[in-house]
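Enquirer: Listed below are the residues making up each chain.
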Amino acid sequence: MKNRDRFLLMTDFMTGRIKLLVLSVLLTICTFLLFDMVLTLMKEQSFEYDTYIDGYKSGIDDVYKIDFQYMNMTSPPRILYEQTSYMDFLEDIRSIDGVNFVCGYDYSRVRFDELSRSEEYEYIMSTRRVDELELGIMSNDSLALIVDDDCMNYLMLKCSDDYLADFLSASDGYWPVLAGSSFSDILNIGDILHYGDKSCRIVGFLDPDATWPNNNGLGTYFYKTNSLNYQFVFRSSDMRSVRTTPPLNALYMKLDKSADSIQVERQVRNIGNEYNIILSMVSVDSILADSASDKMAAEKMYMKLLIFMFVLCILTSTASAVISLMVQRKKIGIWYASGILPSDVQTMIFAEQFIKIVLSAVLAYGIGMWYARECSMTYQLMHSTITLRWFLLLSLISYIVTVAVPCAYISRQHIIDLLQVKD
Amino acid sequence: MILLDNICKTYTSGGTETHALRGVSLSISNGDYIAVMGPSGCGKSTLLNILGCMDSSTSGTYVFDDVAVHELSYKQLHIFRKKHISFVFQNFALLNRYTVFENVELPLIAQGIHSTERKKKVTNTLEELGIAELRDKLPIHISGGQQQRTAIARALVSDHELILADEPTGALDSNTSKEIMDVFDIINKHGKTIMVVTHDLTVAKHAKRLLRMEDGLFLI
Ligand SMILES: Nc1ncnc2c1ncn2[C@@H]1O[C@H](COP(=O)(O)OP(=O)(O)OP(=O)(O)O)[C@@H](O)[C@H]1O
Ligand SMILES: [Mg+2]
Numbered sequence: 001m002k003n004r005d006r007f008l009l010m011t012d013f014m015t016g017r018i019k020l021l022v023l024s025v026l027l028t029i030c031t032f033l034l035f036d037m038v039l040t041l042m043k044e045q046s047f048e049y050d051t052y053i054d055g056y057k058s059g060i061d062d063v064y065k066i067d068f069q070y071m072n073m074t075s076p077p078r079i080l081y082e083q084t085s086y087m088d089f090l091e092d093i094r095s096i097d098g099v100n101f102v103c104g105y106d107y108s109r110v111r112f113d114e115l116s117r118s119e120e121y122e123y124i125m126s127t128r129r130v131d132e133l134e135l136g137i138m139s140n141d142s143l144a145l146i147v148d149d150d151c152m153n154y155l156m157l158k159c160s161d162d163y164l165a166d167f168l169s170a171s172d173g174y175w176p177v178l179a180g181s182s183f184s185d186i187l188n189i190g191d192i193l194h195y196g197d198k199s200c201r202i203v204g205f206l207d208p209d210a211t212w213p214n215n216n217g218l219g220t221y222f223y224k225t226n227s228l229n230y231q232f233v234f235r236s237s238d239m240r241s242v243r244t245t246p247p248l249n250a251l252y253m254k255l256d257k258s259a260d261s262i263q264v265e266r267q268v269r270n271i272g273n274e275y276n277i278i279l280s281m282v283s284v285d286s287i288l289a290d291s292a293s294d295k296m297a298a299e300k301m302y303m304k305l306l307i308f309m310f311v312l313c314i315l316t317s318t319a320s321a322v323i324s325l326m327v328q329r330k331k332i333g334i335w336y337a338s339g340i341l342p343s344d345v346q347t348m349i350f351a352e353q354f355i356k357i358v359l360s361a362v363l364a365y366g367i368g369m370w371y372a373r374e375c376s377m378t379y380q381l382m383h384s385t386i387t388l389r390w391f392l393l394l395s396l397i398s399y400i401v402t403v404a405v406p407c408a409y410i411s412r413q414h415i416i417d418l419l420q421v422k423d
Numbered sequence: 001m002i003l004l005d006n007i008c009k010t011y012t013s014g015g016t017e018t019h020a021l022r023g024v025s026l027s028i029s030n031g032d033y034i035a036v037m038g039p040s041g042c043g044k045s046t047l048l049n050i051l052g053c054m055d056s057s058t059s060g061t062y063v064f065d066d067v068a069v070h071e072l073s074y075k076q077l078h079i080f081r082k083k084h085i086s087f088v089f090q091n092f093a094l095l096n097r098y099t100v101f102e103n104v105e106l107p108l109i110a111q112g113i114h115s116t117e118r119k120k121k122v123t124n125t126l127e128e129l130g131i132a133e134l135r136d137k138l139p140i141h142i143s144g145g146q147q148q149r150t151a152i153a154r155a156l157v158s159d160h161e162l163i164l165a166d167e168p169t170g171a172l173d174s175n176t177s178k179e180i181m182d183v184f185d186i187i188n189k190h191g192k193t194i195m196v197v198t199h200d201l202t203v204a205k206h207a208k209r210l211l212r213m214e215d216g217l218f219l220i
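Quick note, the sequences are listed as chains A and B, same order. In this text, residue positions in the first sequence follow my numbering: the first is 1, and each later residue adds one. In this text, residue positions in the second sequence follow my numbering: the first is 1, and each later residue adds one.
Quick caveat, the hints were computed from the structure, so don't treat them as lab data. It cannot be assumed that every hint is accurate.
[Said to hold, decoys possible] Rough simulated footprint, nothing fancy, chain B against chain A, three-plus residues with beta-carbon under 8 Å:
no.	stretch
1	339–347
2	408–419
[To be verified] Coverage of chain B stretches by chain A, computed from C-beta distances (three or more under 8 Å per stretch; other residues unrestricted):
no.	stretch
3	71–80
4	88–95
5	162–171
[Said to hold, decoys possible] Capping the alpha-carbon separation at 30 Å, the derived lysine-lysine pairs in BS3-like fashion look like this:
no.	chain 1	residue 1	chain 2	residue 2
6	B	Lys208	A	Lys330
7	B	Lys189	A	Lys19
8	B	Lys189	A	Lys422
9	A	Lys422	B	Lys75
10	B	Lys178	A	Lys422
11	B	Lys189	B	Lys178
12	B	Lys83	A	Lys422
13	B	Lys121	A	Lys330
Where a beta carbon is used, it is the ideal one built from N, C-alpha and C, also for glycine.
Let's have the full structure, built from the sequences with the hints guiding it.
Expert: Okay, structure coming up:
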């Protein structure tokens, strides 16, 4: 057969039941899309758990040297303190005079505060230095929990006072601050800045292309942004007030070794009652164990759903391919009787399924992407990169099955039977 | 030249065996014109299907111009049929979504013939059969006789040496039947080998040879 004729017959083959074809493509798109969404959700979920667990682990092991404060002059860094960060990421941020400057948040998240400076509000978030994390105090609502000096003493909680004192003495009573690169034109190293009741001194500038770990609910990733150039990075504050924030309403405190955890719990409860906050205390070990088992359960559930979607995708595309063959049996019989070979028909099945699967996959993936971009911030990261190879695998397997099954079906059909099919 | 020797065909379905052909032998020379008659279920269609490579025999030899057809595989049978044999069916077996022209063109497409040559051949054949003016009509818009002419045109166009017709007039009235058989007569005069299965003696009388079948065998 000539290629052009093959194309014409192919067109006839495909358009022989155009409604069915459209329907089956739509169905395939839908199932592919569902698969894509389940996969994305699954990846997102397990990534979140990983981040969470890693945060705790690395927090306990190597994060205790961190002592930082973050300030954003341009916009409230509301999203910046949502989640435990990968503290390992912070290493590459500068170390000046033996002090690490980091832009981050969270590990021992204690503070999110507003300072009013002229008419503007500025947001400062700081973390307390923690040597060991022994207890996590979880608050189930979003009210602030303020822990004052007396309370800290009573609970034998450590705060950054010691370090602060060391540091302040080492820097003539000024807070060291790293300034964004855009300030290098107007500020010099050694310049003094005033923030609230604090005096700060510029000790360095960020690289123009400095990266910071950032977190917007997806887990930690680096962002390299121009806005960094307009920021200052501080060392930790001496502030005592702490506030828990949604959505992760947890406050982590480091206790002295000698602290009586039962006593602490009671005291913290009292504080909670005073401020009308429901508090519960959990040990880090149990947090880790819970997270791990939650992760397992979530993964299992998603895996089941995913396998179900996978099978559903393949079933729908294969079934529609077979049905489209079945309704064309008579035509195929007549084709055979006119000299068109079974191999020609098989080629048509190959081509048709290729077009169908590629079309469905591209559209479903495109819609998924569009959804990720336009509708769901949280999808963005997971969707494009991580799901792609699974999506390709699904398409490939779907293609193989949707070709193999109809080919097997048609090769079992005898020409005499095909010709006897009633229209 | 076709030689059938001791062809048997046994269908097994649901544990019961049906002996559709019980050792049929037949020789068909080029340009032959054979009618096969016999009671329903005697194996006429089965014989025709085997001759037409649409089915294979259970045993026996079938030689077509020195090719041992009985030894061919399912795939090879398709290819052999494509090269040598055309069919005319009782129910015409036309594609309803194709025009008369396209229906007739189909075997030429299958053979990979170029479209300009296809057009010439199809037009000639349609003219020969007197249905040239119907070329752009759909089968459902023409009469049964015209449909069968279209089917015959499709069988003729690829210029195969053997044309098999299973009750080609079964769905037609007697006048139209005669017209169709006249067409077969002309085709045979042009040198084609024809085998027609029929229940109608007047149809059978058009043939040069009349074979009677009963219970899977030829009556001598
Ligand atoms: N696919 C099949 N499976 C089982 N038995 C079959 C099959 N095809 C035909 N037969 C049987 O083989 C025998 C011969 O059938 P065949 O169709 O050749 O008869 P026929 O002479 O063409 O009859 P008719 O004049 O009614 O068309 C019948 O008994 C029929 O039931
Ligand atoms: Mg019959």
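Enquirer: Compare the structure with each hint and give your call.
Expert: Status of the hints after comparison with the structure:
1. 339–347: holds (count 6)
2. 408–419: Coverage by chain B holds here, the residue count being 4 at a Cβ distance below 8 Å.
3. 71–80: Our answer is that it holds, as 3 residues pass the Cβ test (under 8 Å) against chain A, meeting three.
4. 88–95: Result for this restraint: holds, n = 4.
5. 162–171: Three-residue rule not met by the stretch 162–171 of chain B, so violated; n is 0.
6. B:Lys208 - A:Lys330: Roughly 33 Å separates the two Cα atoms, so the pair is violated.
7. B:Lys189 - A:Lys19: 47 Å, violated
8. B:Lys189 - A:Lys422: Given that 30 Å is the threshold and the Cα spacing comes to 35 Å, the pair is violated.
9. A:Lys422 - B:Lys75: 25 Å, holds
10. B:Lys178 - A:Lys422: Judged against 30 Å, a Cα distance of about 27 Å means the pair holds.
11. B:Lys189 - B:Lys178: Distance of about 16 Å is within 30 Å: holds.
12. B:Lys83 - A:Lys422: Roughly 27 Å between the alpha carbons, so the hint for lysine 83 of chain B and lysine 422 of chain A holds.
13. B:Lys121 - A:Lys330: Roughly 26 Å between the alpha carbons, so the hint for lysine 121 of chain B and lysine 330 of chain A holds.
Going through the hint list in order, the structure does not satisfy hints 5, 6, 7 and 8.
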